[in-house]
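2 protein chains.
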Amino acid sequence: MNVQRCLDILREIKDVAFATVDENGFPQIRIIDVMIVENEKLYFCTARGKDFYHQIITNGQVAITGMNKEFQMVRLNGKAEKLEENRKWIDRIFEENPSMNAVYPDESRYVLEAFCIEKGDVEFFDLGKEPIVRESFTLGNTMAKEAGFLITDSCIHCGKCERICPQKCIIDCKINQKHCLHCGLCAEECPVNAIIKRGK
Amino acid sequence: MNVQRCLDILREIKDVAFATVDENGFPQIRIIDVMIVENEKLYFCTARGKDFYHQIITNGQVAITGMNKEFQMVRLNGKAEKLEENRKWIDRIFEENPSMNAVYPDESRYVLEAFCIEKGDVEFFDLGKEPIVRESFTLGNTMAKEAGFLITDSCIHCGKCERICPQKCIIDCKINQKHCLHCGLCAEECPVNAIIKRGK
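One line per chain: the protein sequences are A and B, in this order. Everything in the first sequence is counted per the numbering used here, starting at -2 for the first residue and increasing by one. Everything in the second sequence is counted per the numbering used here, starting at -2 for the first residue and increasing by one.
No lab work stands behind these hints, which were simulated from the structure alone. Please note: incorrect hints may appear among the correct ones.
DSBU-like cross-link-like pairs, simulated, lysine-lysine; straight-line CA separation at most 35 Å [said to hold, decoys possible]:
id	chain 1	residue 1	chain 2	residue 2
1	B	Lys175	B	Lys38
2	B	Lys142	A	Lys47
3	A	Lys165	B	Lys76
4	A	Lys194	B	Lys85
5	A	Lys116	A	Lys66
6	B	Lys76	A	Lys142
7	A	Lys76	A	Lys38
8	B	Lys79	B	Lys116
9	A	Lys157	B	Lys47
10	B	Lys79	A	Lys142
11	A	Lys116	B	Lys85
12	B	Lys194	B	Lys11
13	B	Lys157	B	Lys76
14	A	Lys76	B	Lys47
15	A	Lys165	B	Lys79
Here the structure is a predicted model, which means the values were calculated and not measured.
Start from the sequences and build out the full structure, keeping to the hints where you can.
Quick look at the structure:
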């Protein structure tokens, strides 16, 4: 798995969910088509009349997710940048996604604005495997944020977390991050509170 | 279409996208299973170790969306309430969704907390139809928020908006809200600025 393949999965799913934050600080969500994926960049568009457009223009921060039929899920958190040469990009998007002509015929396509995401964090999950598999990547030159849990030096090696982990991903007092659900049961049940949340 | 059918569509899709806002005011998204839908309420669960759990506990506001194979899309904005009698609800969820036992075997299921959404706004879209169809509903006793555009009395009946509307949903200087994309092209092109955004 790599970051380009993660973006390709989103393009294959095509109708993915985009989250933004509105002017009241509330989450907003809708299904948006992934129009182009190339060179580790993801392209989409929306109409200038939509609340979604105003939320991206105000803030730019979006979160995207989709899951395919094989239960492979991708999450992308990043900043959407409005593209210059909008007409060129909209024409290219319609060329590669001809069904758009039924929704925005003729010149009406230019009420759409094209955006690109080239920086962000990407997470890949394979929920069809037992135990589940997760991998993290960065898009562009961003810093990867650590998540999940860590067993610290306070560990007394009692073995309780190994026994209770639902995915059996703790071995020799070490969490295999690749298979961890981030459920937190180990941290809750550790008798000496040796397990902490990462990246906080 | 009605609000119960909208929730049923989300349950049928099952793996839907949930958006929240994190401690930095950024949008967050992930795929979550709709576990139970009944009596115009939607039930889901998540583990206490997850960022998603902490975001719901802090704020409660979530936005949900999913689209089925017939291109019917549902959006739900609402407040998630933590359920009392958590063990009873988790047991019921596992009974109705037995595949959960592979992810959280035995007692580990109780690291999950059950939530219910019973108040909010619901939007239904049929993107498989031409023109597209949209309908709005409320869940519980919430006020419906108007969206989209309105042609005001300043209209000079020039007919320009009728000609340029991509979905041809303006007739006799009136927008048929049921088929409107909210793209805003009519408002942009109106020569006397007679068309305004609703609900602002």
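Evaluation of the provided hints:
no., hint, result
1, B:Lys175 <-> B:Lys38, "holds (25 Å)"
2, B:Lys142 <-> A:Lys47, "holds (15 Å)"
3, A:Lys165 <-> B:Lys76, "holds (34 Å)"
4, A:Lys194 <-> B:Lys85, "holds (28 Å)"
5, A:Lys116 <-> A:Lys66, "holds (27 Å)"
6, B:Lys76 <-> A:Lys142, "holds (28 Å)"
7, A:Lys76 <-> A:Lys38, "holds (11 Å)"
8, B:Lys79 <-> B:Lys116, "holds (13 Å)"
9, A:Lys157 <-> B:Lys47, "holds (20 Å)"
10, B:Lys79 <-> A:Lys142, "holds (28 Å)"
11, A:Lys116 <-> B:Lys85, "violated (43 Å)"
12, B:Lys194 <-> B:Lys11, "holds (34 Å)"
13, B:Lys157 <-> B:Lys76, "violated (41 Å)"
14, A:Lys76 <-> B:Lys47, "holds (23 Å)"
15, A:Lys165 <-> B:Lys79, "holds (28 Å)"
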